[in-house]
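Student: Here is what each chain is made of, one letter per residue.
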Amino acid sequence: DSGVTQTPKHLITATGQRVTLRCSPRSGDLSVYWYQQSLDQGLQFLIQYYNGEERAKGNILERFSAQQFPDLHSELNLSSLELGDSALYFCASSVESNGELFFGEGSRLTVL
Amino acid sequence: GIQVEQSPPDLILQEGANSTLRCNFSDSVNNLQWFHQNPWGQLINLFYIPSGTKQNGRLSATTVATERYSLLYISSSQTTDSGVYFCAVPPNTGNQFYFGTGTSLTVIP
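Here the protein sequences come in this chain order: H and U. Using the working numbering, you'd call the opening residue of the first sequence number -15 and step up by one each time. Using the working numbering, you'd call the opening residue of the second sequence number 60 and step up by one each time.
One thing to keep in mind: the hints can contain errors.
According to the in silico footprint, chain U covers these stretches of chain H (three or more CB under 8 Å from chain U) [what the hints assert, rightly or not]:
(1) 24 to 33
(2) 82 to 90
A short list of chain U residues far from chain H (calculated; beta carbon distances all over 10 Å) [as the list claims (entries may be wrong)]:
(3) 74
(4) 81
(5) 86
(6) 110
(7) 117
(8) 123
(9) 128
(10) 147
Here are the computed lysine to aspartate or glutamate pairs in the DMTMM-like style, where the Cα-Cα straight-line distance is at most 25 Å [what the hints assert, rightly or not]:
(11) U:113 with H:-15
(12) H:-7 with H:66
(13) H:41 with H:24
(14) H:-7 with U:64
(15) H:41 with H:59
(16) U:113 with H:80
(17) U:113 with H:84
(18) H:41 with H:55
(19) H:41 with U:64
Please keep in mind that the hints were generated in silico from the structure rather than gathered at the bench. From the three backbone atoms N, C-alpha and C, an ideal C-beta is built for every residue, glycine too.
Build out the structure end to end from the sequences listed, making use of the hints.
Tutor: Pasting the structure below:
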């Protein structure tokens, strides 16, 4: 158990819908990262937050947004979902930016 | 950004065999991690190894930061070692980790 908690573990929804994925970092970790992994693909960096502020942005679509709350948990919002958004979404946390990363178990999103 | 290349892309081993996985990166880094993604999709930390050598049971890793590569050694492989092995590095400036494309390992009994 890495200490990073992600919910839900599995989610099935329809095209055009909106979903929210939640991540609680390890106790004491200030930095949260979101990654997307499509089937048989590598990990694509989406976005990073540090202590509530956005620190880095990767290949995150405009339909996606994220935030980190004062209690340091983070949410990734995916809207106007398309079939191609089906993927495993990982959250990771670290004590500091570029510190050792710890991953949650991921949220598997299926868009039908 | 940093280019991270892993080799080989695929590897099939007989149980009990040894293997070496390689990770090359294109720029200097202060941090490097190895992860194992098991067949259920979980990403498990193996090593946090900016430089030097570390060992954990049958696995060990060596990073030579000055030459921009890291090696992951798996000895006496077991079927539970199957999965994809990723290395990841952050740049010295910037805040995202760059992942390699992984080595897919299959250990057959």
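Student: Compare the structure with each hint and give your call.
Tutor: How the hints compare with the structure:
1. 24 to 33: Holds: 4 residues of the stretch 24 to 33 of chain H have a Cβ under 8 Å from chain U.
2. 82 to 90: holds (count 8)
3. 74: holds, 24 Å
4. 81: With a cut-off of 10 Å, residue 81 of chain U remains clear of chain H, as the shortest Cβ separation is near 16 Å.
5. 86: holds, 13 Å
6. 110: holds, 14 Å
7. 117: holds, 21 Å
8. 123: Non-interface label on residue 123 of chain U holds, nearest chain H Cβ at 20 Å vs cutoff 10 Å.
9. 128: holds, 19 Å
10. 147: violated, 7 Å
11. U:113 with H:-15: holds, 21 Å
12. H:-7 with H:66: holds, 19 Å
13. H:41 with H:24: With Cα atoms ~23 Å apart, residue 41 of chain H and residue 24 of chain H stay inside 25 Å; holds.
14. H:-7 with U:64: Not OK: residue -7 of chain H and residue 64 of chain U at ~30 Å, beyond 25 Å, violated.
15. H:41 with H:59: holds, 15 Å
16. U:113 with H:80: Holds, because 22 Å separates the two Cα atoms, which is no more than 25 Å.
17. U:113 with H:84: holds, 15 Å
18. H:41 with H:55: holds, 21 Å
19. H:41 with U:64: At roughly 22 Å apart (the allowed maximum being 25 Å), residue 64 of chain U and residue 41 of chain H satisfy the hint.
In the structure shown, a violation is registered for the earlier hints numbered 10, 14, in ascending order.
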